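Q: Protein sequence lines, in the order shown, are assigned to chains U and B. First residue of the first sequence: 1, per this note's numbering; consecutive thereafter. First residue of the second sequence: 1001, per this note's numbering; consecutive thereafter.
Don't take each hint at face value.
Here are the simulated DSSO-like pairs of lysine-lysine, each with C-alpha atoms no more than 30 Å apart in a straight line [to be verified]:
1) Lys1130/B <-> Lys1102/B
2) Lys166/U <-> Lys184/U
3) Lys1233/B <-> Lys166/U
4) Lys1130/B <-> Lys184/U
5) Lys166/U <-> Lys1102/B
6) Lys1102/B <-> Lys184/U
Hints listed in this document are in silico derivations from the structure and should not be mistaken for laboratory results. Small disclaimer: the values here were computed from a predicted structure and weren't measured.
Residues per chain are reported as follows:
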Amino acid sequence: MSWKRLDWGWRWIVLIAGVAAWQLWTASARSSFFPEPSAIISSMYHLWFSGPAAHVFLTADATGNLLPSLGRVLASLAIATAVGMPLGIALGRSPAVTAYLNPLLQFARALPVVTMAPVFIVLFKLGTQMEIATIVFGTIWPILLNTIDGAASVDPVQLETARAFKMTHWQRLTTVIVPATLPKAFAGFRLSLSLSLILMVFAELVGSSNGIGYEMSNASNAFDMTLLWSTIVLLGILGYLLNALLTAGERHALAWHAINRRD
Amino acid sequence: MLEVTDLTRTYGHGPTAYTAVKDVSFTVAQGELVSIVGPSGCGKSTLLRCISGLTAPTSGRVTLRDVPVTGVPDGLAVVLQEYGRSLFPWLTVRDNVAMPLKRTTRGRAARRSAADAALAAVGLPGSGDKYPWQLSGGMQQRTAIARALAADPALLLMDEPFGSVDAQTREDLEDLVLQVRRERDITILVVTHDIDESVYLADRVIVLTAGPGQVRADLNVTLPSPRDQIETKGHPDFVHLRTEVSRLVRSRDDVTVQSGAAASDS
């Protein structure tokens, strides 16, 4: 559709216009708290993306800080999914157990994960384990609760069909329950993904010897406003890219689903 | 082939208990096509569920080829009423049809060709790579029939199979059932509320009373074969039979009289 292409074009025009306005404003204001976007972009380039081609143009600072942060986010999401999805499916298919556990789940979910950080620091000491524990504790709830919801609302006609055709338990799980649960599970992943970035920064601010949050905290302590803004912009870009990746995965996995059927 | 004896199914307990079917007995011979018709709420679907082993009867029994039915028996396939919801939207049409073959047929290629053969048999060749929601209602129902036929069942149960398609599609699907029956050694039991359909399709029509469903009449259909939508439905015997069935289904006055008689018989 030409309208869609136009729409896409406009999005970039609006973005570029926004950045240009920011540039003009910061250049005229000359505030030390708000560096010009051009300075931020140049700082980002020199700091992280001017490395040798053999390292995909990543500098030592990038491999030392960006990659550990990204690793923590991905490892935590993998753990939250590996625990949350099977548990969610098991609970979703056993309404009685879920009814008993529900107050406990709601209580645990309502705990601000930030307040749990001191507990994790005591349990795991400062470092990667504590950071991953914090991110996992924060991101598991959307995945778990959405999966419970999805698994509990599998169409009874589909389950009946599985019975009528004498599917084994394993077949029923893999060909009926899991696919039927995925749309809601993906809604959970989406929430968890944005939460994971926030918690990654938080955990690294609390105590870490590397990572984007660590770099941010250093920049803040040194009043290096350009570096601070660079990390903020980087986090925005990272969030956008991860979300785009998830959307692509979702489109692939849920090609059959109603929300993707609009042509 | 199929024997239903004094089948009763009650839901719930105490004063709110509701009996859907009561003391239903009939037999179906090998290769017969029998339709079960009755007013809405007469327990037709419950009866079918008991025969398919999806629901256990409260009392009475069902035997298929002299084996008591406890779970879903081998050699039986069901086409459920809500075909649109019973097909899995995440599987292609071919994978939907091949799904029941996982138990019986080894090898992906073998299942694939069996599924394609079943799709061709219901008039859907070349639709295997599509998804169910890309098909019309009639084509979805053909897919559900192909899925039921894929494992080559001896008994096919159909629950209000053509309830939500337009009249033309309905007639095409009725003729498809008759064609399937001609081409295979298969026994078919169709539950319907459509009186014309029950007479047009069947060798025998079993009429149930309003709930709790009991057998009110068991009529032989002696219409010439092959059936034809225009010729058969204009045949004097067809008109006579559909009037007879219609009267049996509709007349509420007879319910108490006949069910009373049935109760004293048993």
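Q: Could you run down the list of hints and mark each one as holding or not?
A: Evaluation of the provided hints:
1. With a C-alpha separation of about 20 Å, the suggested pairing of Lys1130/B with Lys1102/B holds against the 30 Å cut-off.
2. Taken as a hint, the Lys166/U and Lys184/U pair is honoured in the structure, with Cα atoms around 27 Å apart against an allowance of 30 Å.
3. Under the criterion of a C-alpha separation no larger than 30 Å, the hint pairing Lys1233/B with Lys166/U is inconsistent with the structure, at around 38 Å.
4. Taking the CA atoms of Lys1130/B and Lys184/U, the gap is about 24 Å. The hint holds against a cut of 30 Å.
5. Between Lys166/U and Lys1102/B, the direct Cα distance comes to roughly 10 Å. Compliance with the 30 Å bound is thereby established for this hinted pair.
6. This hinted pair checks out: Lys1102/B and Lys184/U have alpha carbons roughly 28 Å apart, not beyond 30 Å.
In summary, the structure is inconsistent with hint 3 from the numbered list given earlier, while agreeing with all the others.
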